[in-house]
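Colleague: In case you want the letters, here they are:
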Amino acid sequence: MIDIQLHYAPIDIAACINKVMSPETGGIDVFIGTVRNSTKGKKVLRLEFEAYETMAVKEMTKIAAEIFRRWPTQKVLIHHRTGIMNIGEVPVVIAVAAAHRAAAFDACRYAIDTLKQTVPIWKKEVFEDGEVWVAAHP
Amino acid sequence: MKIKVLAFGIARDIMNATIVEAMIDGEATVAALKKQLETTYPKLHDLSSYMVAVNNEYALPDVVLQPGDEVAIIPPVSGG
Chain A
1 MIDIQLHYAP
11 IDIAACINKV
21 MSPETGGIDV
31 FIGTVRNSTK
41 GKKVLRLEFE
51 AYETMAVKEM
61 TKIAAEIFRR
71 WPTQKVLIHH
81 RTGIMNIGEV
91 PVVIAVAAAH
101 RAAAFDACRY
111 AIDTLKQTVP
121 IWKKEVFEDG
131 EVWVAAHP
Chain B
139 MKIKVLAFGI
149 ARDIMNATIV
159 EAMIDGEATV
169 AALKKQLETT
179 YPKLHDLSSY
189 MVAVNNEYAL
199 PDVVLQPGDE
209 VAIIPPVSGG
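Here the protein sequences line up with chains A and B, keeping their order.
Take 1 as the starting number for the first sequence in the working numbering and just add one per residue.
Take 139 as the starting number for the second sequence in the working numbering and just add one per residue.
In short, the hints are calculated from the structure, not lab data.
A portion of the hints provided could be inaccurate.
[Said to hold, decoys possible] To give a feel for the contact side, a few chain A residues facing chain B, derived at Cβ under 8 Å: (1) 52; (2) 58; (3) 80; (4) 91; (5) 118; (6) 119; (7) 120; (8) 122; (9) 134; (10) 135; (11) 136.
Cβ atoms here follow ideal geometry from the backbone N, Cα and C, with glycine treated the same way.
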């Protein structure tokens, strides 16, 4: 099972985990991204996310498909939120279910690492004295 | 050929629009599009890198654009 979604409102983490539960599963690895209050010692007020929606869904689906190719896994869920998020809010939830934990851990890490490299979603950090698109400049 | 280009993130800020039009003389490759856009919007040079997506797929420089393609500028991504 692959479950990919973009959200425009808070992600229901418990619902995400429920979706990957099954009797065949021996373990679920979950990554929850949260908005941090500072970057490089500078106070962050909020993050503003934006997505190229159709392509983002396509790229996240590719990640899930690659997980099934590489690891013995049963269910992969990747949900990403866009829009304005305050400190502590959750931009991303990834949940991978597998019969055995090693595959779940490895696949979940692969999913978040790859998402950060390939999925066309952008975040702007808003500070007290300005704002910056993350990773845009060298 | 006239090409409509979607812009996201910092590319949208640089171009000051969500959609821009680029006119390419000769073969409309991704490389030619990037060159044209960089002439019009020199600040694109300041980015760490950027990609072009054609029909929702990352496209190499030698890909030739066709009428009706959905083309987008993809500045460095930062999701998660």
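Colleague: Now tell me if each hint is right for this structure.
Modeller: Checked hints:
1. 52: 5 Å, holds
2. 58: 5 Å, holds
3. 80: 6 Å, holds
4. 91: 7 Å, holds
5. 118: Given a least distance of 7 Å, the restraint on residue 118 of chain A holds.
6. 119: 5 Å, holds
7. 120: 5 Å, holds
8. 122: 3 Å, holds
9. 134: 4 Å, holds
10. 135: Holds, about 4 Å.
11. 136: Holds - the Cβ of residue 136 of chain A comes within 8 Å of chain B, reaching about 4 Å at its closest.
Checked against the numbered hints above, the structure breaks none of them.
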